[in-house]
Each structure stands twice: as C-alpha cells, then as structure tokens.
Amino acid sequence: MTAGVSASPPAAAAAPVLPPANAASRRSLSNKAVSNLLLALFGAAFLLPMVWLVLASLDSNATWSVEIPHLTGANFAAALSGSNLQSIINSIVLSGVSTAIATVCGALAAYALSRRRIPWKGPLLLIVLFLTGVPLAILIIPIFELFSDLGWLSILPCALFLAVTTLPFEIYLIKNFIDAVPQDLEEAARMERAGTTQILLKVIGPLAMPGIAAAAIFGFVTAWGSFLIPLVLITSPNQQPGSIAIFGFIGAAHVQYGNIAAFSLIYAVPIFLLYALSSRLFRGGFVLSGAVRG
Amino acid sequence: MSSQANPVAMAGVAGAVPADAGAAPRPSPPAGKRADRQRFQWSSLALLGPSLVLLAVLFVIPVIYAFYLGFTNLELVGPNAVNWHFTGTQNLQRLGSDPTFFLSLRLTLIFIVGSIVGVVVIGLALAVLLQNAVTWLRILVGGIVVVAWMMPAITAGMTWYASTTASGTFGTLLGMPNSDFLHHEPMLIVTLANVWSQTGFAMLVLGAALRNIPHEVLEAADMEDASRWQRFRLITLPMLRPTIVTTVLLITLISLANFALIYVMTQGGPGNSTNILPLYSYQQAFEFNNLAYGAIIGNVMVLVCAIFGVIYVRASRVRT
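So the protein sequences, as listed, match chains A and B.
The first sequence runs 1 to 294 under this note's numbering.
The second sequence runs 1001 to 1320 under this note's numbering.
These aren't lab readings, by the way, just hints derived from the structure by calculation.
Since this is a predicted model, take the numbers as computed values, not measurements.
Ideal Cβ placement from N, Cα and C applies to all residues, glycine included.
Fair warning: there could be bad hints in the mix.
Said to hold, decoys possible - Ranges between beta-carbon positions, derived for each pair:
| no. | chain 1 | residue 1 | chain 2 | residue 2 | range |
| --- | --- | --- | --- | --- | --- |
| 1 | B | PHE1086 | A | PRO182 | 18 to 28 Å |
| 2 | A | GLY151 | B | VAL1313 | 14 to 24 Å |
| 3 | B | THR1100 | A | ILE250 | 22 to 32 Å |
| 4 | A | LEU126 | B | ILE1254 | 51 to 61 Å |
| 5 | A | PRO206 | B | THR1089 | 30 to 40 Å |
| 6 | B | HIS1085 | A | SER81 | 47 to 57 Å |
| 7 | A | LEU281 | B | ASN1178 | 16 to 26 Å |
| 8 | B | PHE1086 | A | GLY205 | 26 to 36 Å |
| 9 | A | GLY205 | B | GLY1269 | 48 to 58 Å |
| 10 | B | MET1223 | A | GLN183 | 53 to 63 Å |
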C-alpha cells in the first residue's frame, strides 16, 4: 500500500488513500468474523461426541442415541454403589500407591542427579530419557511372566509396576525443578550444619514443590487412566479399577446405557480436578531468583 | 559483593589458620583429588538406590527379557508354559508369512500418520484461531478442546463408541440414524477419536510457541507487504518447527500406547480392521495364549518407534 501511495502523483495522493484504508479495515473485520466462525465450528465439532455422555447420564431410559433426557439422578447413584463404588476405591488405591512410590523415589533420585557428583551421570540420564519413550505394551509380557511366577497378580504389585512406568518421566520433571533452585540456598543451610535429610525436607522439598506436585499429578493421572496394565496384571475381579469396570459394562447381558455414561463421567472428574489444580500451581509462578540477593 | 573482599572477614579467616601458613610459598597443588571438586558421596547411592533398583528390575531387564522371549516358544498355558526354550528364527518366519501381521503393521502406520496429520493441522489451526478470537469464544472453545484432551482414554472411547455406533449422534445428525459408522469405517473413526483426544495437547503447546514469536518479526513482515499466508508460511511455520517436531514425536508415542481407546471401541475388529500392533500383540499373547509371538510383535513395535525416532531427530536437525 505504501508503495502505491508513493508512486501516485502527489496531488492525487490525498483522495485515493482513504478508500483502500476503509476496505482494509473492512477486510480485517470480515477476517475476524470468519476466524471466529471457524473457531466456533471447531468447538461444536469437539463438543458433539460429549453431548451423549452428558444427556445419557441424566436419562432414566437412555440408549446410544441422543434424546431429551427423562431427568434422573439414579444413574449417578448406581454408578457410586456396590461393585461400581468398589472399583472406584480400587482406582484410588491403585493410583495413590503408585503415585506415592514414584514420587518419593523420583524426588530422591532427581535430587542426587541434580546436585551430586555421580559416575556415568550422562549415560544414566540418557537411559532414563530413553525409558520414557519405550512403548509399554512390550513390557507387559515379561512382567506378566515375572508376576505370575511370584504369585503377584494383584492390586499392590500392579501399583508398583505402574509406579515404575511413570518413574523415568517423574525423575526428569522433578530434576528440572531442582536444577532451578539456587545452589546458594543449600550451601547456606549446609553452613548451618543441616544434614541431607534436613536439606531435602526443609530447603529442596518446599522450593521444588510445584515440580514435585506436577510429577505427582502426572503419575496419578497416568495410573488412573491405565487400562492394559491392570487388565493383565490384576486377576481378581473385585480388585479391578474403574477403567476395567467401564469396559465390563459394555459386554454386560443387559447394557445399562445411563450407568455407563454416568460412570464414565464420574471417572473423568478426578482428572479434571487435578489438571485444574496443576494449572493453578503454575499460574501463580514461583520466583526463586528473589531468594538470593546480591 | 563477594568479589570485593571484605577486609574484616579476610582478617578473621587469616587469624583462624596457623600463622606460618600465610607466609609459606604458594603450595603446589596436592597430589590426588582436588578438594574443590565435588566427590562421590555414598549417600548418593541411598538417594538413587530405590529408583535404580526399580528401573533395573521392572523396566530395563524386562525390556531385554521381552526381546529374548520373542525368540522362544513360551505359551500362556499348556506344556510350553513351563518347558519353553529358544527357537531361533521360528517366530520371525511365522511373522513373515502372517498376513494379519502385515495388515496390523499397515494399520499402525495409517493410525500414527493419520493421527499426527490430524492433531498437528487441527491443533495449529485452533492455536492460530484462538489468538484472534473474541475472549468468550476463546475460553469456551479452548475449554472444550482441553476437556476432550483430559478425558481418560476409556471415557473418550466410550463417548466415541456411543456417538458413532448405530443410532448414535453422528448418524442422527447426518440424517442416517441407522448407519453404523464405527462398523463401516472403523479405522477412520478410531483415528478421528484419537485425534479428538490428543488435539488439546498440541493446541496448548503450539499456542504457547506462537505467543513466543517476537512481534518485531511479524511487524517487519507487514512492512514488507507480506500477505497473511506468506507471513504464516515464511515466518510462523519455520519458527514453530522445533515445537512441531517435539509434538509429533510425543503424539506418535502416545498414539502407539493408546491401547485402551481402540480396545474399548472395537477390540481390534470388526475382522482385524483396527487391529494395530499393540492390540495384535495383546491378542496373540493373552487371548491366543501365545506369549512368545506376542513378544516378537512387541519387538516390531519398538523397531517402529525407533524408526520414527530417527526420522524426527533428522527432521529437527535439518537447517532451514
């Protein structure tokens, strides 16, 4: 546009400049409208599959099709009673134990890898990084062999194995946060004759808490959503987590559509809450540079 | 502050050491380890121990063991469950003449490539559109897409099963309430479901990368009368390249691990038409009781992962 103006004779310049400017702003306005419309269409497309989930969960005689629901809370009540409730409790135990193991072990290892001199640290970190990318489906066969030989095909060993599968990523995540904690703080604590345990609990722990919490949330979400591993490693039906229970609903002789929807929705709730929590953790930001002056 | 030596502190330190130490000629560095270099502390072993033992026993050794199991005749039940042995290339030969395996390999590639293209294109489109959107729409649509991403695979699988089966939402909306899309186009539907559940991640990551592109660069392009498309293709896209490569790598790994989604929707069917490698490996190992054959399919999966990994490393190194 500027090129066009400079090329035109100066006398005519004032008049023709205005209309193109108007056209340009009109064009950008219509561009805005188009992009908003496109976005709304994308939103509608992403929303579409969820419609059934919500409507059927509230419908007393739900089917696979989308209908105006005969409102009821019975589906949610059914989803939270008897064996369904048991499967949710199993999920909590499975994910909780797995998260605790992975986060504690991961935090300790992350501290050592961040601060201590360790022979072959480079290769060690590389192996851990490599492990984050191994497809877990190949592990399930040797682990099944091992656990069935040991008589371990139950919920707690399964939690242990789930912990191991999330451990490599948790180590990396926590290590990054500990790397960001200034060394000076730790040296100051050491001057005051604080031992390693005290430094971990009172200096590194609180300062790297957002990272440790993020790792714990990652571990919990992964374990909560796991399907293949409990399917193979837990033989007793009353130890199985909710993810397997949902699958059992579809194969039932008398399919209860409303219950499936309600249970699926309930099963997703803890994940939504944890993600909301983790975004809050990071939005607040944590500024460590202020801890060291001069 | 520390560089400008504090005379009082210096005097204090000097007073603490024996008087002749200061007067002595500069000592040559002592033989052996340097004192200022951190030494290995045994407590490091206690810190690393639990993780190292767990990773070694339940991760690294099983991966190696899985590789070995692929070359044996181990079965879930029967005589070969106890007395199994190394069988050399027998399983490999079986793979070579197994049409289901080649179908499965092809389906896996379709699933991965389809998911990558869908997730990156839609994720990028959403990230760009969100930047220019009015606030309420941005929060609403961004929220919907992120909720789809957060859903556990099992819930996502259920919703897509319900929506695409006969009398489901999609059929009703398209005026064909009795057509069972999941049955007629199973691979397309499971890939769409995977795209639906992964796009939120790409949208968030690419959105963050978009906000990191310096304004000056885009303004400079405006000065040069670059069109929107030119600006996007010549500036935005190259600057997003590292983020896109990382996203693609992660989507590949997640898609290959997304066993639950397909298992809930189709269990690999109808007639093997969605039987991608992780499902086929599970099916052979735990439904047909053929653990060793399942393991060798797993080995192929690792190979597929490794090939994709090498491609991405290459792609991220190419200079533009």
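Comparing the hints with the structure gives:
Here the CB-CB span from B:PHE1086 to A:PRO182 is close to 55 Å, at odds with the stated 18 to 28 Å. Checked against the given bound of 14 to 24 Å, the beta carbons of A:GLY151 and B:VAL1313, roughly 43 Å apart, lie outside it. Range check, B:THR1100 to A:ILE250: Cβ separation about 24 Å, and the 22 to 32 Å hint holds. Checked against the given bound of 51 to 61 Å, the beta carbons of A:LEU126 and B:ILE1254, roughly 22 Å apart, lie outside it.
With their beta carbons about 57 Å apart, A:PRO206 and B:THR1089 fall outside the hinted range of 30 to 40 Å. With their beta carbons about 50 Å apart, B:HIS1085 and A:SER81 fall inside the hinted range of 47 to 57 Å. At about 48 Å, the CB distance of A:LEU281 to B:ASN1178 disagrees with the hint of 16 to 26 Å. Between B:PHE1086 and A:GLY205 the beta carbons are some 49 Å apart, a value that contradicts the proposed interval 26 to 36 Å.
A hinted range of 48 to 58 Å holds for the C-beta pair A:GLY205 and B:GLY1269, which are about 50 Å apart. A C-beta distance of roughly 46 Å is found between B:MET1223 and A:GLN183, which places it outside the suggested range of 53 to 63 Å.
Going down the numbered hints, you'll see the structure goes against 1, 2, 4, 5, 7, 8, 10, while the others check out.
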